[in-house]
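Participant: Residue strings, one per chain:
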Amino acid sequence: MAKLLVVDDSSLSRRISRRILEEAGHSVVDVADGLAALESYALDRPDLVLLDVTMAGMDGLEVLGQLRAMDPEARVVMVTADVQTSTRTLAGAGGAVGFVSKPLTSGTVLQAVDAALVVRGGAQ
Amino acid sequence: MESGLVDQLDRIGDWGLLATDTRLIVTGWNLWLERRSGLTAGEILGRPLFDLFPELVGRRLDRYYHQALAGQTAILSQRLHGYVLPLPVGGAGPARMQQAARVVPLVEGPEVCGTLTVIEDVSERVAFEDELRSRARQQAALAAVARRALAGGEMADVAREAAGHIRDILGANFTEVLELLSDGEPWAAVAGSGWTEPTPPALDSATATRARQRFAAEEVQFAQALADVLGMAAERKRLEGELRLRVQELASADQRKDEFLAMLAHELRNPLAPVRNALQVLRMKCMGDSLVERMGEMMGRQVAHMSRLVDDLLDVSRFTRGKVNLRIERVELADVVARAVESARPLIDARGHELSVSVPHEPVHLHADLTRVIQVLGNLLTNAAKYTPESGHVWLTAFREGDEAVVGVRDNGIGIPAEMLPQVFDLFTQVARTLDRSQGGLGIGLTLVRSLVELHGGSVHAASEGPGRGSEFVVRLPALPADLPRNDERKAVTARAPPTISHRILIVDDNVDSAESLAMLLELTGHIARTAHDGPAALETALAFRPRVVLLDIGLPRMDGYEVARRLRQDPAYAGMTVIAMTGYGQEEDRRRSKEAGFDRHLVKPVDPDELQDLLLQLPREVELK
Amino acid sequence: MILTADQKDAVTELVNIAFSRTAAALSELTGNRVELSVPEVSAHPIADLLPALGRFVHGDVATVHQIFGGPVSGDAFLLLNVDGAAKLVDLLTDAGAPTRQMGASAREVLSEVGNILLNACLGVFGDLLHVRFTFAVPRLHLDTLGSMLDSLVIGHDALRHSLLVGAQFRVRASEVTGCMVMVLGVSSLEQFVRVVEEWADEAGGQAGPSRNGD
Numbered sequence: 001m002a003k004l005l006v007v008d009d010s011s012l013s014r015r016i017s018r019r020i021l022e023e024a025g026h027s028v029v030d031v032a033d034g035l036a037a038l039e040s041y042a043l044d045r046p047d048l049v050l051l052d053v054t055m056a057g058m059d060g061l062e063v064l065g066q067l068r069a070m071d072p073e074a075r076v077v078m079v080t081a082d083v084q085t086s087t088r089t090l091a092g093a094g095g096a097v098g099f100v101s102k103p104l105t106s107g108t109v110l111q112a113v114d115a116a117l118v119v120r121g122g123a124q
Numbered sequence: 001m002e003s004g005l006v007d008q009l010d011r012i013g014d015w016g017l018l019a020t021d022t023r024l025i026v027t028g029w030n031l032w033l034e035r036r037s038g039l040t041a042g043e044i045l046g047r048p049l050f051d052l053f054p055e056l057v058g059r060r061l062d063r064y065y066h067q068a069l070a071g072q073t074a075i076l077s078q079r080l081h082g083y084v085l086p087l088p089v090g091g092a093g094p095a096r097m098q099q100a101a102r103v104v105p106l107v108e109g110p111e112v113c114g115t116l117t118v119i120e121d122v123s124e125r126v127a128f129e130d131e132l133r134s135r136a137r138q139q140a141a142l143a144a145v146a147r148r149a150l151a152g153g154e155m156a157d158v159a160r161e162a163a164g165h166i167r168d169i170l171g172a173n174f175t176e177v178l179e180l181l182s183d184g185e186p187w188a189a190v191a192g193s194g195w196t197e198p199t200p201p202a203l204d205s206a207t208a209t210r211a212r213q214r215f216a217a218e219e220v221q222f223a224q225a226l227a228d229v230l231g232m233a234a235e236r237k238r239l240e241g242e243l244r245l246r247v248q249e250l251a252s253a254d255q256r257k258d259e260f261l262a263m264l265a266h267e268l269r270n271p272l273a274p275v276r277n278a279l280q281v282l283r284m285k286c287m288g289d290s291l292v293e294r295m296g297e298m299m300g301r302q303v304a305h306m307s308r309l310v311d312d313l314l315d316v317s318r319f320t321r322g323k324v325n326l327r328i329e330r331v332e333l334a335d336v337v338a339r340a341v342e343s344a345r346p347l348i349d350a351r352g353h354e355l356s357v358s359v360p361h362e363p364v365h366l367h368a369d370l371t372r373v374i375q376v377l378g379n380l381l382t383n384a385a386k387y388t389p390e391s392g393h394v395w396l397t398a399f400r401e402g403d404e405a406v407v408g409v410r411d412n413g414i415g416i417p418a419e420m421l422p423q424v425f426d427l428f429t430q431v432a433r434t435l436d437r438s439q440g441g442l443g444i445g446l447t448l449v450r451s452l453v454e455l456h457g458g459s460v461h462a463a464s465e466g467p468g469r470g471s472e473f474v475v476r477l478p479a480l481p482a483d484l485p486r487n488d489e490r491k492a493v494t495a496r497a498p499p500t501i502s503h504r505i506l507i508v509d510d511n512v513d514s515a516e517s518l519a520m521l522l523e524l525t526g527h528i529a530r531t532a533h534d535g536p537a538a539l540e541t542a543l544a545f546r547p548r549v550v551l552l553d554i555g556l557p558r559m560d561g562y563e564v565a566r567r568l569r570q571d572p573a574y575a576g577m578t579v580i581a582m583t584g585y586g587q588e589e590d591r592r593r594s595k596e597a598g599f600d601r602h603l604v605k606p607v608d609p610d611e612l613q614d615l616l617l618q619l620p621r622e623v624e625l626k
Numbered sequence: 001m002i003l004t005a006d007q008k009d010a011v012t013e014l015v016n017i018a019f020s021r022t023a024a025a026l027s028e029l030t031g032n033r034v035e036l037s038v039p040e041v042s043a044h045p046i047a048d049l050l051p052a053l054g055r056f057v058h059g060d061v062a063t064v065h066q067i068f069g070g071p072v073s074g075d076a077f078l079l080l081n082v083d084g085a086a087k088l089v090d091l092l093t094d095a096g097a098p099t100r101q102m103g104a105s106a107r108e109v110l111s112e113v114g115n116i117l118l119n120a121c122l123g124v125f126g127d128l129l130h131v132r133f134t135f136a137v138p139r140l141h142l143d144t145l146g147s148m149l150d151s152l153v154i155g156h157d158a159l160r161h162s163l164l165v166g167a168q169f170r171v172r173a174s175e176v177t178g179c180m181v182m183v184l185g186v187s188s189l190e191q192f193v194r195v196v197e198e199w200a201d202e203a204g205g206q207a208g209p210s211r212n213g214d
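Residue numbers (the numbering used here), protein chains in the order written: chain A, 1 to 124; chain B, 1 to 626; chain C, 1 to 214.
Worth flagging that the hints you see were computed from the coordinates, not collected in a lab.
Since this is a predicted model, take the numbers as computed values, not measurements.
This list has only true hints and no planted wrong ones.
Calculated cross-link-like contacts (lysine to any residue; reagent style SDA-like; alpha-carbon spacing at most 20 Å):
| no. | chain 1 | residue 1 | chain 2 | residue 2 |
| --- | --- | --- | --- | --- |
| 1 | C | K8 | A | V31 |
| 2 | C | K8 | C | Q191 |
| 3 | C | K87 | B | H81 |
Just chain A, with the same shape it has in the complex (with noise of 0.2 Å):
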């Protein structure tokens, strides 16, 4: 149904989201770092970006600040093992409009990724 971008640098959730999001229909593109989840954004704009947090070299919440400055419409949901309540805080205040919390479950995933795309009325 939608066009997701999916960003972690775990191959291993990758794998998992994947999984989850092409068995509920959606297309996906994954990869592994931010500059070329930021490319890839540039490229393809997607309706939705899944951003991991907790990355080596450009962090999450970086990412997110990237992202939306170049497009300050872009939908993030943040994919994170960190439950502390500081960072969903930070995460809506840098413009994620989700928050999901590892291990993933499809159930969690397509909850937040269905709320998300519910805000500008569905995909393209």
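Chain A is fixed; fit chains B and C onto it per the hints.
Facilitator: Quick look at chains B and C alone, frame taken from chain A:
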């Protein structure tokens, strides 16, 4: 099974043992717990743990039990929780036992079959640690207050800091603690008088009170130590204040003394000029009268001597007020030595001494004030002559050493005792006075020498092997490099030619004797002289008399000499007039000022008649004034 | 044993989740945000552990050990330099006057904190890997890094290799830094990696409702 374990553990250690099953029903309650809680096992066993101790749930410690049931040990530290079960200390009394505990799962094979809580009484340890900590805090507080006091903080600030620590550490306020201190004396001194700042608010408000509780012995100790520190700080402040006052008093006394000396020297000079002039007149008038001549010579010597004494005194006072300017020029060492020898020669000859002088072959040049350096060496030679019994020997050696010019003056005279050596150069010391006064001096000659030498960037040292063994003084002055081109500095000595010209001269001086004696002198030498004693009179006389030369004292009352000169210069009728200033000081600044005011020449009082004659001779021929 | 890229990836992901829970527990205890670095996973001969750990801490260290057994056995420990440990205790107990020495009370607090954090970490492993761990009583060790490593005893394994998973953490608005480290014996290592792979395959391949329950 569990009771077996509990019994075993009970035998091993001195701790509380509480066992439960998986439903958290109590299955074990040991003797230790019975004794300390007053609850027997019979009352406890078989009942739910959280019914017996509901506050475990309220304090959220129940999660540790659930954790144990899940197979994980839980640790409860005393610092974070205080205690697990509310038990009094020592079986009875109000204070609560401090406990450290673990809740461990009881296992049967892979299954958890219950929990065991092991409780340790750590009250004593905690009390000990608290005491250590409180000691540390007290020490830190004392150190902080002492540091602030040592750093010279204001008493109010130091006291405020101390009051803060009392409040934090003892939970009491200032006045309570003052009461309890048996020897509250240092603190009472601080709190009562001792400093002038207004009482800081911390000292009299009672924000923390300990409502009449008794203080422990070590708390009293702490308060006393603080009081001692404050007492010392207050005392120190007081002493500092006194010291500052004393220093100020000394400084102003010193300054007054300097000013007095300057005024004294200046005043002493004034009578000298007329006396000298009058003397000249007498001698010229009574030439041929041998009695008058002898008397005249004697008086002349005395006046000259007194003049020198006054000049020295004036110099010294100038030095101490930093008011000496040097006229620096290139001088040659051998030349300076020659002139100094010349000035001391009369005394040396009079006392029958032998003088040996050695100067280097190559010229040694210095940047120095010629007059002053001659004064220095002359002084040393004179001293050597004075303090050596008649028919002694004086040696002067001058040479270059590296980048210094060195002059040593040695004698075989009475010497200087070792203990007096360090003080010879000091002003008015017993040493100098004793020695010098026996020879008719003031005891300031060597001080002048040192001051002048040091002003030139040099140094002077005294040495003597003791009484009767002679003395040596060595002066070192910075010398110019040896390879500069030669420049003959010798001034031509002009012979004094008898006056052949007669001028009309107006003498203006508010010192009547001074003016009249000078006038008489000039008339004797063929000039026509008139006197005036203040500015307006001078202008009036000048108008009528039309003098060729005006000798103007600067220090006139009401209208000063500068003003008179300006007025004279303004009038074109006086265009060819020579105006000469007479001042008490010969400073550069004065010379400049007189030049700016329009004076042609500048003479220093008392005016040397010969110098004046030379000046008059150099004037262009009389020009008819319109 | 050399880990494949996929294995390494899977272990890292697992450890990331576990350590994040730990950080959350510490955050709750201190009331401050805790920053966690990306966990590093490496396999070392025991002899090389010292330099590897030396990157995280220096000088005397305080470690709280949780030895665990079961299908996988090992020693998990919280590693702090002594200064950091003292600061952590001060932070938690609001001590007033800071204490640089580790008195008995301070050591107790550290044991409790270490226990809480390690339980959080190992709890996650247990949950996700469906492995039933048994835990020994946590031990506090204050010594140099070298002496501490010398005393490592992990079950009955002959220790020649270890898996080192570590992440640096920092408690915001304090100067407390340290790291979480897990060391596993070699036979357990193989077993551990296998169990992790199972988890990864399951999670990666399963698209139905989760087994963890939300």
